[in-house]
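K.L.:
Given only the sequences and the hints, what does the whole structure look like? Please build it.
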Amino acid sequence: MAEYLRGVEDKIAAIKEADILIGIPSYNNARTIGHVVRAVRAGLAKYFPDQKAVLVNSDGGSTDGTRDVVLNTESDNLQSIFTYHRVGPVYSIAIPYHGIPGKGSAFRTIFAIADKLNVKACAVVDSDLRSITPEWIELLIKPVLQGDFDYVTPLYHRHKYDGTITNSIIYTMTRALYGKRVRQPIGGDFGFSGELARFYLAKDVWETDVARFGIDIWMTTTAIANNFRVCQSYLGAKIHDAKDPGADLSAMLYQVVSATFDLMETYSGVWSKINSSEPVTTFGFQYAVGLEPVVVNIGRMLEKFRLGVRDLLEIWQGFLPSSVMLFLAETQNQPDDKFNFPDEIWVETIYSFALAYHNKVISREHLLKSLTPLYIGRTASFVIETRDSDANEVEERIERLCNIFETKKSLLVDNWQEKGGKHG
Amino acid sequence: MDDLMQRAMTEPFINFIDKIIKFMPQFITALFVFLVGLLTAMLVRMALAKTLKVAGVDKLSEKSGLAEIIRKSGIKSVLSVLISRVVAWIMVVTFIVIAFSLLNIPALERLLERFLLYLPNVFIAAIILIFGFVFANFLGRAALIAAVNAGSRVAKLIGRAVKFTVFLVSLTIALEQLGIGKETVLIAFAVLFGGVVLALALAFGLGGRDLAKEYLEKILKGEAGDDIQHL
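Protein sequence lines correspond, in order, to chains F and E.
Once you know that position 244 of the first sequence is 244 in this note's numbering, the rest is easy, because the numbers rise by one and skip nothing.
Once you know that position 111 of the second sequence is 111 in this note's numbering, the rest is easy, because the numbers rise by one and skip nothing.
A hint or two may mislead.
Claimed, not checked - List time: in silico DMTMM-like cross-link candidates among lysine to aspartate or glutamate, alpha-carbon distance up to 20 Å:
#, chain 1, residue 1, chain 2, residue 2
1, E, LYS156, F, GLU365
2, F, LYS360, E, GLU183
3, F, LYS203, F, GLU365
Said to hold, decoys possible - What follows is a set of in silico ranges between Cβ atoms, one per label pair, in the way DEER data are often shown:
#, chain 1, residue 1, chain 2, residue 2, range
4, E, PHE135, F, GLY318, 14 to 24 Å
5, F, GLN332, E, PHE135, 30 to 40 Å
6, E, TRP89, F, ASP336, 56 to 66 Å
No lab work stands behind these hints, which were simulated from the structure alone.
Please read these numbers as outputs of a predicted model, since none were measured by experiment.
Glycine included, every Cβ here is placed at the ideal spot set by N, Cα and C.
P.N.:
As structure tokens, then:
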């Protein structure tokens, strides 16, 4: 048995086979993982009472007793919720994963156990979720078990200012590149078939950055680019444990954007032939959810943007087209309330960064970290523009941006081969 | 008188001619060795450049990021050409040394010996300086970007200070390698570095007083931050 399954061989041998596997990656989530486990158990009891199910906690070496919480958390008194009982128990496996520290390594262990147990359907959910309900399990698993889909991405109801990296870069680019309108490609909670889990496991990426970060976009892109059947399920609001307020935005941006750009290298033969996008099947009943207000300090964002433009222009000069450079120079004297980062300029900026990343114009980490002020400027512009817009209007606004990403895709395709070149 | 003339003028001249005649075969041999070396070095340079290019060394250097480091250090040639040039020059120098040794001139031999013993120091110092330059640029840019992303108004100054300091350290090490005023360079570096730190401390202390006040006020008064979840 593989090195990364050390310690659970006996348990896997005892279980032999299973129909469903739910994976929960964790690291010091003792505070929240109990709720997630209860929701998963309730979901399995309510929607899949006849299926043999396994819950796998793949842990990154927690010191706060996360694994004990998983193993000792029993379902709430399900009799008070359901009128029936599960046929069999839900097996629990809590295993510290081996290999490079990161969410990707945790997922590899989950895929490996899914492979050994020959499961039909799997789902992975974050361990810090506060808004997970038993219905999430149904919505992530059923399209695979009964709908013949291989990959289920989540669809959340989010505040209009949340998920700005997703909305302005990852969703828009993934859609333009691979032609599928998967709204939350890096949502973190996914469903997938046993076949796709085996496909992921067989990929030679587990000693690369995929093991550290970027597993979400890697899973989504790999599924789409390899023609697995993809759909999305509406899960409602996504509320999770408060993140570290000191978390470095530029590091986060670097991780998620570099993972997306790296996949462009892998699948250049796929995306260069796609020139339109199509919607994917969506499951679940969509409803409005009351959301916490989001505080945004526009003044500080614009200050950071202008500082970046003043000090980093020399770095960008080597690869940004003249139209973008001209726009950036003009923004220095724009009043805050009139500040606007147009869609066309933003799309040209992102495509130019993608080409510069491909051509290794400068150190890739420096390149993407220098994108931070531009991203902040674009986000500030988006907030100013959508201040009085409701959720639907914001969605229309994002749709417009997606169309420009698709229209201008030729910029990327035509210049992809020209190493070190500058376009525009 | 004639005898005196002959001893004073003719004999030294004959001796001189005699020595030149005796020296000529050595000189011709040395010149021949040098020319053969020059020709061989040229041929090796051309052959090596082509072989390395076919072997994909340039592509490998692009992929590994080495090409970028070379470009940033101001060298415009690709890696295959660079390696072949270095090998050719090493061959030329080797053949020059062999050619000089064939001349059998003790003073020249001693000079050559000292030069050859010193040559590795020059080579190492040059490498230290090149790496220092590249490293200084890299760290300077990293510091500049990090400072900009942290919202610092003196990001450019920070970037330049890091770049200058790293290059200064590499210059000191290079000069020490060359044996130039070992103690003096070290003391000068310490004084200069101390001066830079003091200047920065004063600059930040005086220039950044208002910034620090503003920052502390923001912290203590609890300035509204951003709640945006970016992912």
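K.L.:
If any of the earlier hints don't hold here, list their numbers in rising order.
P.N.:
Violated hints (numbers, rising): 2 and 3; every other hint is consistent with the structure.
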